[in-house]
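*Asks:* Residue-level listing of the chains:
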Amino acid sequence: MSSDDIYILGINMTQFGKHPDKDVVDLGAEAAMAALADGGVTMADVGILAAGNLMGGGGFGQQLQKQIGQTGIPVFNVTNACATGATALRTAIMAIKAGECDMGLAVGVEKLAGAGLLGAGGGGKKSDEHRWEPGGRVGAVTGTDGRIGTAGMPGTFAQVGMEYLHQNQYGGEAFELFAKISVKNHKHSTLNPLAAYTKEMTLEQVMGDMMIAYPNTRPMCSANCDGGAAAVVVSGAKLKTLSKEQQRRAVKVSASVLTSDPWQEACQVLPDVNTLTRVAAKQAYEQAGVAPEDLDLVELHDCFATAELVHYDNLMLCEPGGAVDFFESGATWRDGSTPVNVSGGLQSKGHPISATGIANIWEVCHHLRGEAGPRQIEGAKVGLAHVIGLGSACGVHILEASAA
Amino acid sequence: MATMTQIPIVDYLVLGDDPHLVASECTSCGARYFDRRNACASCFGTEFTKVDVPTEGTLRSFTIVTFAAPGVPVPFVAGIVDAGGTSVRTNIINVEPDDEHVKLGMQVRLATYSLGTDDDGTEAIGFGYEPKA
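Those protein sequence lines, which keep their order, are chains A and B.
Residue numbering for the first sequence follows our numbering, starting at 1 and increasing by one per position.
Residue numbering for the second sequence follows our numbering, starting at 1001 and increasing by one per position.
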């Protein structure tokens, strides 16, 4: 191991689902303390805390410290939409790379069970008087959601997937194609006891469920739920001073990349989740010296079934424009050539926003350590974790099993 | 009774005999925007000119929203129209909201409709794109 490398020393995700008796600090403390224990270290060893929570009142990192250990270290409270967890991890990694400390803790938590539709704002009348008055950056006299396109996430990502089909002259049945992606992830989740939903669903059940925004029905949308995840990252130099067992279980962070979207025509009309993902993936493969075909598993941001398809292409898992054929070949099922979302993905494992960008890394680490039990991808050595936060931010991490 | 005044739903919709959308075009790189600008996100330029956006285009993507925020009537068809190289976010109107009638690549054109009248008698006008007959 090189002293300059970064490793995941300990990592944990809580049960995803409904936690009515726990607040965000409870879930964060549970994940953080378990990650520290997993790494065989304590808060006394940690030099920086990066904490992500989107829907709470702010200052989550300090609230967490007050429960698990106030050691006076710097706290970075970060938010980056659905990439918040990955941003927290990236922040901790940057601090180590900068030489500020040799160990960091990243935590992401969300309480979302029963939150309903995210991203949509009504914008109705606020008083009894009714007067059309222009306001905001486009001089709108009324709410534009539903009148000038959709502001909701299900419809936004539906358009992302439909646009891909249009660009690639897909002549088949769009609804059925995307529903089949969801069938895969729901099937995968049956092997993941920490997933919010672990029920297999047939194609008929997925297509017959409540339509949210064509072609996404309810099970094709990410599941709002509660959950936390945390990771302890360490420098290679520090890891060398730790035990053989800690070194054996440490997972190398071969690439850690965060991008925002570079300007493209139309990117301010329909969010462009493609370009920043491609840029991040390219940087990550170069950093890691890894090619897409080297990946033993991928956890990508399937916030909607329509999103998973485009990211096969964006992450270069398939030929440009070839995502449909790639999926239809069975490549992304757990017994395929590039298993994607063997955790069940956001559609079935769940999507407690700020936890997601660390929980997907936990999933990959679990396989690379050979500790994934019945859903273990045998012999997994290299994996990739990807998240997108609309707005946008994209995190890509490539992880490799310890050579020790 | 004074003639009824009209106001567009957004300031980039121009009413009159030939309703159309206007974009702010960066004078140095040509990037187009519909919102109030501080600078160009593509080249950082600060000079913009107003340009008319073609009223006809191609439907590049769509969704049919059946579940939305409170106060947003459903179902509605949201889409992205390629209007002569300028992408426009819009509703697709005057069409049955199902995948039999809304098709990727279909030809569409701008149409306007009334959003209702306020207490002062001002009528707000919305826009959408409809299938080109």
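Mixed in with the good hints, there may be bad ones.
Derived, one-sided and incomplete: chain A residues facing chain B with beta-carbon distance under 7 angstroms [stated by the list, open to error]:
#1 Gly135
#2 Arg137
#3 Ala140
#4 Gly149
#5 Glu163
#6 Leu191
#7 Gly208
#8 Asp209
#9 Ile212
#10 Tyr214
Pulled from the structure, derived: some chain B residues nowhere near chain A, Cβ distances all over 10 angstroms [said to hold, decoys possible]:
#11 Ile1009
#12 His1020
#13 Asp1035
#14 Lys1050
#15 Asp1052
#16 Thr1055
#17 Thr1063
#18 Ile1064
#19 Ile1080
#20 Ser1087
#21 Thr1090
#22 Asp1099
#23 Gly1105
#24 Asp1120
#25 Ala1124
#26 Glu1130
Bear in mind the hints are in silico, worked out from the structure with no lab data behind them.
Quick reminder that beta carbons are idealized off the backbone N, C-alpha and C, glycines included.
*Asks:* Going back to the hint list, which numbers does this structure go against?
*Replies:* Numbers 1, 6, 7, 8, 11, 13, 17, 18, 19, 20, 21, 22, 23, 24 and 25, in rising order.
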